[in-house]
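Following the hints, position chain B against chain A.
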Amino acid sequence: MYFSLLRPALGVIAVFILVSVLYPFVKGNNIRCANTISCKETPKFEVETNAIGVFNNKPVHVPNISLSRNENTSPVLGTETSNGEKHIFVNLTSQTLSAYEGTVLFMKTPVSTGLWGKTPLGDFTIWTKIRATRMTGGSGVDYYDLPNVPYVMFFSNSDVPGSAGFSIHGTYWHNNFGHAMSHGCVNMKTTDVAKLYEWAEAPNNGKKGTAVTIYEELPR
Amino acid sequence: MKTIRYGLEIFFFITLATATLLFVMVRNYSYKNKAIFSVSIPPEVTPIPVLTPAEPHISIMDSPDGSKTLTLENNDNKGISEYSLFVSSEQETKQKIFGKSEEASQSLEIPFNTWSPDNIYVFLKEKTSAQDNYLVFKSSGALFADGMQYVSIQELFKKKVPNYIIMDVTGWADNTLLIINAESQDDNGKVSFWFDIVNQSFMRLGTYFK
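Protein chains in written order, with the working numbering: chain A, 1 to 220; chain B, 221 to 430.
In isolation and in its complexed conformation, chain A is listed as follows (with noise of 0.2 Å):
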């Protein structure tokens, strides 16, 4: 009789172990790579000079990237004086991009997120700098492959991995900021993007880099 009862019990229990164990992949699976190269490989420095690129399907002229002057991520003397810790928003209802460090604006600017893919909401930390990269993604009519994007800051949290490849960064193929224009990303004027990359961090020695919070406005 004991037996009896003890057999469904075990079979809850050995599917909610299964359940626990496998929802975190499924979920993970879940959310669309941005990026494809950076969902094989992790993310590299990469620069090429005269390079085609393509964007929906069409030609784009790259623009090289010079790095004769100093590429030194490394914080600059006299910046350091925080009042607080340093925190990106991006609000998806009004495309733009909000950069605070405590309760002081350090910089805000219209963006672009995502249209052909989700821009992912919630709370991330950067994860990475990468100065130039090369991104690849989409399909068909909006397939692209675009070397060179500059000032790249990845970001990721415990939902969405870095492997999938968001970050926000510089846009050389596109000028429609402050409106949704990507495919998951956090597009950038490159000439802001320039001071925001130098402004945030990336992790070091224990610490975490810059956050990140990604929201849309509620309708009234």
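Rather than coming from a laboratory, the hints here were simulated on the basis of the structure. Bear in mind that the values here come from a model prediction, so they are computed numbers and not experimental data. Be aware that a few hints might be false.
Stated by the list, open to error - Some but not every residue of chain B turned toward chain A, in silico, with C-beta under 10 Å:
hint: 1; residue: S283
hint: 2; residue: P284
hint: 3; residue: G286
hint: 4; residue: F332
hint: 5; residue: N333
hint: 6; residue: S336
hint: 7; residue: P337
hint: 8; residue: W392
hint: 9; residue: N401
Said to hold, decoys possible - Computed cross-link-like contacts, SDA-like style, restricted to lysine to any residue with a CA-CA straight-line distance of at most 20 Å:
hint: 10; chain 1: A; residue 1: K207; chain 2: A; residue 2: G84
hint: 11; chain 1: B; residue 1: K288; chain 2: A; residue 2: T109
hint: 12; chain 1: B; residue 1: K347; chain 2: B; residue 2: N294
hint: 13; chain 1: B; residue 1: K288; chain 2: B; residue 2: F318
hint: 14; chain 1: A; residue 1: K195; chain 2: B; residue 2: K288
hint: 15; chain 1: A; residue 1: K195; chain 2: B; residue 2: K347
hint: 16; chain 1: A; residue 1: K58; chain 2: B; residue 2: Q420
hint: 17; chain 1: B; residue 1: K314; chain 2: B; residue 2: H277
hint: 18; chain 1: A; residue 1: K58; chain 2: B; residue 2: W414
hint: 19; chain 1: A; residue 1: K118; chain 2: B; residue 2: K430
hint: 20; chain 1: B; residue 1: K288; chain 2: A; residue 2: K58
hint: 21; chain 1: B; residue 1: K430; chain 2: A; residue 2: S163
hint: 22; chain 1: B; residue 1: K347; chain 2: B; residue 2: Q369
Glycine included, C-beta positions come from ideal geometry on N, C-alpha and C.
Chain B only, in chain A's frame:
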């Protein structure tokens, strides 16, 4: 006798000291008054009003790569706004590419996404009481193939896409394609178009760029 002499001498010295003291006091009083008057009296001259030209209102937008700058200067003159559009860069001096006078009810402005990604074109928004217009220029100041200084998107759109009204021109989809958000006059449906500046043609899109 001696007593009288001493008395006279003392009287003389006292009189001399009193006179000297009075002289110094009177002299100081007059100096102070002179100094006070020289400072406090305002000049009795009516100031002549000088007509200084009003400072021009200046709008600036750098190109996406930061290599060029578009500047729109606006001088108000008796209800008429005089606009001048300039392009400059580190290598080249400031070059005027356009000038126009607008009535008070109209204005020109530089949108955030004015520059094409390759810096070849710029566009301006012309706000009017009726419908906003959008003017596209070559940033070099060169004329278009038809000899025109700029392309008026509103004018072309009315001719080629008669059933839609332009709501906004948001920016550049690529080096030569401007994104137009329009509304149908029949059912108010929202549609985006590409405007190809090279062919001066419109392409209706399946995606709406809200």
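Hint check, failures only
15, 20, 21
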